[in-house]
Amino acid sequence: MSYLNIFMSKDRIIFVTKEDHEAPSNAELIEDDPNDPYEDHGLILPNGDINWNCPCLGGMASGPCGQQFKDAFSCFHYSKEEVKGSDCVENFRSMQECMQKYPELYPQEDDNDSAPSGGADNAPSDSVPTSSPESTPATTENPAAS
Amino acid sequence: MFKCKAVWNKLAPLVRASSTLCLQNARKSVLRHGRRLEMVQKAQMSSGPAGGGGENTLYYVLVGATCLGTGVYAYRTVSGDKERYNERMIDLVNRPKQGPRAAEAVTEVVAGSKEEPVEEPTLTEAPVEEPLVTEAVVEFTESEPVTEPLVEASIPEPTVETLVTESVVEASVPESIIEVSVTEPVAEAPAVTQSEEPLASVVESETEPTPVIITAHVPEASPVSESAAVSEPAPAAEPVESTAAHSDVPEHAPYLLIGGGTASFAAARSIRARDPGARVLIVTEESELPYMRPPLSKELWFSDDPKATETLSFKQWNGKERSIYFQPPSFYVSPTDLAKVENGGVAVLTGRKVVHMDVRENKVKLSDGAEISYEKCLIATGGVPRNLQVIDRAGEEVMKRTTLFRKIEDFRSLEKISREVKSITIIGGGFLGSELACALGRRSTDLGLEVIQMFPEKGNMGKVLPEYLSNWTTEKVRKEGVNIIMDAVVKNVSYKNDKLEIKLKDGRLIETDHVVAAVGLEPSVELAKSAGLEVDSDFGGYRVNAELQARSNIWVAGDAACFYDIKLGRRRVEHHDHAVVSGRLAGENMTGASKPYWHQSMFWSDLGPDVGYEAIGIVDSSLPTVGVFAKATAKDTPKAATEQSGTGIRSESETEAVAVTLKAETTAPPPPVQQKEDYGKGVVFYLRDNVVVGIVLWNVFNRMPIARKIIKDGEQHADLNEVAKLFNIHED
Chain A
1 MSYLNIFMSK
11 DRIIFVTKED
21 HEAPSNAELI
31 EDDPNDPYED
41 HGLILPNGDI
51 NWNCPCLGGM
61 ASGPCGQQFK
71 DAFSCFHYSK
81 EEVKGSDCVE
91 NFRSMQECMQ
101 KYPELYPQED
111 DNDSAPSGGA
121 DNAPSDSVPT
131 SSPESTPATT
141 ENPAAS
Chain B
1 MFKCKAVWNK
11 LAPLVRASST
21 LCLQNARKSV
31 LRHGRRLEMV
41 QKAQMSSGPA
51 GGGGENTLYY
61 VLVGATCLGT
71 GVYAYRTVSG
81 DKERYNERMI
91 DLVNRPKQGP
101 RAAEAVTEVV
111 AGSKEEPVEE
121 PTLTEAPVEE
131 PLVTEAVVEF
141 TESEPVTEPL
151 VEASIPEPTV
161 ETLVTESVVE
171 ASVPESIIEV
181 SVTEPVAEAP
191 AVTQSEEPLA
201 SVVESETEPT
211 PVIITAHVPE
221 ASPVSESAAV
231 SEPAPAAEPV
241 ESTAAHSDVP
251 EHAPYLLIGG
261 GTASFAAARS
271 IRARDPGARV
281 LIVTEESELP
291 YMRPPLSKEL
301 WFSDDPKATE
311 TLSFKQWNGK
321 ERSIYFQPPS
331 FYVSPTDLAK
341 VENGGVAVLT
351 GRKVVHMDVR
361 ENKVKLSDGA
371 EISYEKCLIA
381 TGGVPRNLQV
391 IDRAGEEVMK
401 RTTLFRKIED
411 FRSLEKISRE
421 VKSITIIGGG
431 FLGSELACAL
441 GRRSTDLGLE
451 VIQMFPEKGN
461 MGKVLPEYLS
471 NWTTEKVRKE
481 GVNIIMDAVV
491 KNVSYKNDKL
501 EIKLKDGRLI
511 ETDHVVAAVG
521 LEPSVELAKS
531 AGLEVDSDFG
541 GYRVNAELQA
551 RSNIWVAGDA
561 ACFYDIKLGR
571 RRVEHHDHAV
581 VSGRLAGENM
591 TGASKPYWHQ
601 SMFWSDLGPD
611 VGYEAIGIVD
621 SSLPTVGVFA
631 KATAKDTPKA
641 ATEQSGTGIR
651 SESETEAVAV
661 TLKAETTAPP
671 PPVQQKEDYG
681 KGVVFYLRDN
691 VVVGIVLWNV
701 FNRMPIARKI
711 IKDGEQHADL
721 NEVAKLFNIH
731 ED
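So the protein lines, in turn, are chains A and B. Its first residue numbered 1, the first sequence is counted upward by one per residue in the working numbering. Its first residue numbered 1, the second sequence is counted upward by one per residue in the working numbering.
So here's chain B without its partners, still in its complex pose (with noise of 0.2 angstroms):
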């Protein structure tokens, strides 16, 4: 039937085509014909109902041809459809499913295909056995009954267990198959229990061996059944682990988010507070709790504690010690007690990763095969670090000798390996290098290394702050033991004489014995495809709305997140209070808040422990600024001072000159020229069409209110100075 609506369907305006075309043939001919009538008189009753002898031929080989080019393409199209509608059946039950699943699957490709000769026997028996061999899946029942259905039911029937992993069409294959799955068990008969068990995983998890089973002829069973046999032991060890490794994963979790980081922690600390007894569960792939990650590379290098790389304790401003962990392990709850715990709570999966997500469904796969199905769900699953090309292509030597600087391992790495070599070069100038250049740079005197950094800018924070501001940073760094290296492209990295040598593209060497590359995050979206989420080509990342949905019961969150910003555009931040913020702000709309991004993310930096900036809004070096500081005066960052005295006093007295010379000396490139100038204290505003969209707060603190403030107005201000006003640089 199917069939034959099939070839109708194709049929139906071939024929339509066709038959239009004889009409028209036909008016043709007798229109032809008509006015040869009128012009020949003489009758000629030959064959054809039009008339007209060799036109009539033509007619006749034209309809024929073009009836039995139309047959044969209906018979290909619907051939091709039977090859295609296969195919898709074996890749439907091929997927790997669960045992019961993979049945029901399998009764409705039974159902549906009616081409099958093996199907009409199956039909009415599929249903039967189904439950039977399914429960003796589930119930790790003796292989004795479990084999016995098998070996009973007619030749097809196992192909209904078994069609996991063949195809649907060979139909001769089966009987190796039963063969195999009766030796199997046999052969197995100690490990009966298990039995039934990795014989299913066997057929769904390993798509190695169907291969092997689907080519296999029935005088090739005993081979095939060794090699089944074979692979028998590993996936029998892995069931009875991943059984084990099930068992603690929750199969629903009302809130799930995929990733175990800060904006997930901020995330699920939301929905505890508004939705009263929420059960959060958080799947990462690291095998550690949630942690905050700025400290990794400021404070944990800076602290005298010689146990803070195993403690992961660092002393913050006030004082106070604290872990980098948001909670201790008993704040969360275990996975398998989520669903009963009285007033619900926050678990965490370690881990394991998501592989897969069915929107549909509303559910997850994770690494490992198991399954969680969810009402709500954030992706906040962050990015990788990014490596340079060269690197990668570089061979494994110089790999080994790379560290990609994100999670905790990273710096622990670091931290060993810096006391173990002599030489480690930072490729990056950004935010991450520089920090770490600096921390690095103030173990070198001790540990006697060489800290060198290089970037393809013209000074650190090349890319954020205005030249001048950057050109000063670069000076600070230096004066932390750095030996930097600018408009540095990395050509080539190669493995010599246990070193390590860095060519340049202008051709400078450098020789060193390790290279952090700190050149950026490449936001991780493979869940991107199975979800059908989009994706956004400028700046990377799920694209999500300015209330950071990306569809229905999804919401992203954190570096993954590029989100509309109602007052700044369509961005993506990758910072720590930014994580915090749209975590927060996830975890309220994933209890029904609504609400967009509004409250504006901050970031700050350290260069070493005696110059920090704030900032806030979009902190580019390409946009017009403005920055409006304060005049050293003897007194102002004391600090400052002892380096740049001279400075301080010259430009009290001598205050004509110095605003010739500051012109002259501000205009010229060269760093050292820069150092005269001290800018000690200060606000640099970021223009956009003469609106203000970020600022950065240059050594002054707790005036960020005032700052988001400017940003959330979005006026254009005539003077500029007049808003620095607002901020009182000169008290502190």
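In isolation and in its complexed conformation, chain A is listed as follows (with noise of 0.2 angstroms):
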């Protein structure tokens, strides 16, 4: 059961128990347009491209290195081999090339070869706290999130 308070004030406070809230709610919520155009996308556009603002890409597409990047990633992502990605090592290595110049902004881990995990790695370390990837900023300023 739940337990309504009614103030005179401009409050209201309900409280629930766990048994109050198991049924589904009715509430009715606007469909999302997939189409729309305002609506941040995440990493794929809907018309298949890339989002190079996303902010899961953290600072991948806008650093020193950011056009390797790019450019090795868009490959990655249009390839049409067996083996994704396998028409494009020489991106690749171009790419690892100029990240090892500047070994602050991108520190040298084992699986730097594959852009999207090395870019998701690289991403929470030195990515602004951003309200796409949700749970970053709720957990990042909020260690009581157990």
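Think of the hints as simulated: they come from the structure by calculation, not from any bench. In this text, all values refer to a predicted model and were calculated from it rather than measured experimentally. A virtual CB, placed ideally from N, CA and C, is assigned to each residue, including glycine. Accuracy of the hints is not assured; some may be wrong.
Chain A regions said to be covered by chain B (calculated; three or more residues, Cβ under 8 angstroms) [unchecked claim]:
hint, region
1, 14 to 25
2, 38 to 49
3, 60 to 72
4, 79 to 86
Chain B side only, calculated, beta carbon under 7 angstroms to chain A, not exhaustive [as the list claims (entries may be wrong)]:
hint, residue
5, S594
6, K595
7, P624
8, V723
Simulated crosslink set (SDA-like; lysine to any residue; CA at most 20 angstroms straight-line) [claimed, not checked]:
hint, chain 1, residue 1, chain 2, residue 2
9, B, K416, B, P306
10, B, K595, A, D36
11, A, K10, B, L687
12, B, K709, A, E39
13, B, K320, B, S303
14, B, K709, A, D40
15, B, K712, A, S9
Can you join these two chains into the complex? Each is in its own frame, and there are hints to help.
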């Protein structure tokens, strides 16, 4: 049972038990338009392109090696080979070369060969806590999250 | 010719007026006389075309007076105009400009003003002399050839160059100037190469000597030259520095970002992501590279690392260390290399403030005189902490012991002070004040530090959280070791016996060693005047549209932007995530996206390491709210449970009684009673016209997307409990 507190004031408080909230919600939410031009998209845009501005990429596309990263990752993304990205070795090599010049920015980890995971690894360490990866700011700043 | 035209322009309406007056007079007289003539048969052919003696004279007097008046008025207006024109010209050329440009303006002055007898001879010579003079300025040639043209040319000639400093009207003054300009280089023979430069800089930038020079007459030339020579060594040093400083300032930046904070960095990143090879220049007043602000009042204080204040590194939730700087220095390109580097980059120009913005010419001027032209500009100047008027007026001793907390240096200084003094008082009960109070409170036992927090509201976050949560928060802050004084309006702060004495309006007196004022942010809108940008009177900040644009090629983001939110209306938000979101959006729009503010930013706050909340939208305690909380059971929030274990068990068994007591307790204001109610986890909806415009997630995490969706929908929900179900507050 839930207990309702009706104040004289403008602030209402409702206390609910777990059972109270067991039944699925009947609140109506508007369906999202996948082609909404205003909406922030994830890594891949509706038209299939890569969203270089995705916060998930961190600073990868904007740093000194941004161009090499974009080339390598685009090649990988559009690669139609059986082993995806096998035709992009050159791009990845030049990207790695560039990154080696900036060890501070791109800490040399063993799995630097694969751009997405390398990017993902680097992203949390040097990215701005943004709202798109929801958990990051929530839990970055809230050690209480357990 | 100009004079005639001006005169004619002024006279024409008057002429018309007086002629109509004459005509009317004539008609009247004719009519009158006509009637008279009918009546009086005697033909009186006295003087005047209209006939009729007395009236004739009156008529003539009237017309005469009108013409005279017209003449006087016209003369006065024209001479007034002339004066104003001259003053304007002086203003224009007196504005500190670089040599060549000043010379150009001067040429215009010379070409434009016809009234000057001085100008006549210079008209022909000026264009010829200009390039010589300016070349000398630019190329640092010997002083001799430079002074020669000055000496050779007719007396008015140097006025062309030195017109920069003096009134165009004063013909006698130029003589003294020549002497000054001649004596100076001679006197400064050793500093030959610099002589032209210092002279230029003296005449350009030092407005102080110019009135001296203007008023000096020929006999006084020597003292003038002396005083000018005295001021010489000082500006002589300046040009060396300023030229050195100027050299690292690029002249042009395709993307110019004013301000080096969170919004600016987010925009830089966005621009670089969308425009390959973009060259972005960030100009910041601070001496630091872009950094994030939240850890300055949170994580950095909780860090166990004693070196945290130096390295500014903190531990994230996932255990990883990171610095507050967004990127290490190697990420950035140096400003001098910005134009040359192959794939473009982001350069940061530190320690420079943009003081003037010329929107027509698309360029800005820095505090050191350098100018940068741009194609697209972002203003992300943020703000400066507000101070209490009583502290402002209280004198230096009080100001020395007051911290306005915002930047890295404030954090370092406060951290040091917290280890030295015995008592710190924080004025302000909002986010910053409460966070600092908690941070300092935690250290209070170790350091033997008394931490006091005072504010005019009834509880911490009184303007943000509904009363019951505000009271709960206040209790929490108290538990961190802070002595909270509510309903405190500061009336007076004074320095007595090596202590600060704060007097409140209700008479209470608080003694403390140091004060931290956290009473809000004043958005920095100093560029509004020169750039002609609108400033919002309700919220402060630059007024921009939904796409964060102030004018073509100018965008504003971050704390300084008062923007139109499509869903929630016009607002100005001072949170970190908003700076990121708006900076990113501005960057997108600067690269052609034309997107409005759509992705709702969120914010969060930590009240010590145990309790935190996240919020989104308009979170204003004056709005009606509906809070849905998980009933506390013994299992929930183990940490909180240790403090309020009695409550948890009670509420399970004594259901009916609790309902009644709840009602009674929660309606009572005093905080100790509220303590029994555990608002451990829950969701609070803020309503405006029955639509949810703001949501606070109280100790529930990772649910922000749902909250964002609800606000985006903007629907009127009949039962908010159903909406609350979407959040699954009972689960972790």
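Requested in this report: Sort out whether P306(B) lies within 20 angstroms of K416(B), counting only the CA atoms.
Outcome: holds, 12 angstroms
Query raised in the report: Under the criterion that the straight-line Cα-Cα distance not exceed 20 angstroms, is the pair K709(B), D40(A) satisfied?
Result: At roughly 13 angstroms apart (the allowed maximum being 20 angstroms), D40(A) and K709(B) satisfy the hint.
Query raised in the report: Holds or violated: K595(B) with D36(A), Cα cutoff 20 angstroms?
Result: holds, 11 angstroms
Query raised in the report: Does S594(B) pass the interface hint, meaning its C-beta sits closer than 7 angstroms to a C-beta of chain A?
Result: violated, 9 angstroms
**Report entry** Hinted contact V723(B) with chain A - closest CB pair below 7 angstroms
**Finding:** Check passed: Cβ of V723(B) comes within 4 angstroms of chain A, closer than 7 angstroms.
Report task. Establish whether the coverage given for the region 14 to 25 of chain A by chain B is satisfied; the threshold is a Cβ-Cβ distance below 8 angstroms, and no fewer than three residues must meet it. Result -> holds (count 10)
Query raised in the report: Quick one, are K320(B) and S303(B) close enough, alpha carbons at most 20 angstroms?
Result: holds, 13 angstroms
Query raised in the report: For the hint on K595(B), does the least C-beta distance to chain A fall short of 7 angstroms?
Result: holds, 6 angstroms
Query raised in the report: For the pair supplied as a hint, K709(B) and E39(A), is the alpha-carbon distance within the 20 angstroms limit?
Result: Distance ~11 angstroms between K709(B) and E39(A) Cα, so the pair holds.
Query raised in the report: Can the restraint linking K712(B) and S9(A) be considered satisfied, given a maximum Cα separation of 20 angstroms?
Result: violated, 27 angstroms
Query - Within 8 angstroms of chain B's CB atoms, at least three CB atoms from the region 79 to 86 of chain A: coverage verdict - result: violated (count 0)
Query - Outcome, coverage of the region 60 to 72 of chain A by chain B - at least 3 residues whose beta-carbon is closer than 8 angstroms to one in that chain - result: holds (count 7)
Violation of the numbered hints given earlier is confined to hints 4, 5, 15; the remaining hints are satisfied by the structure.
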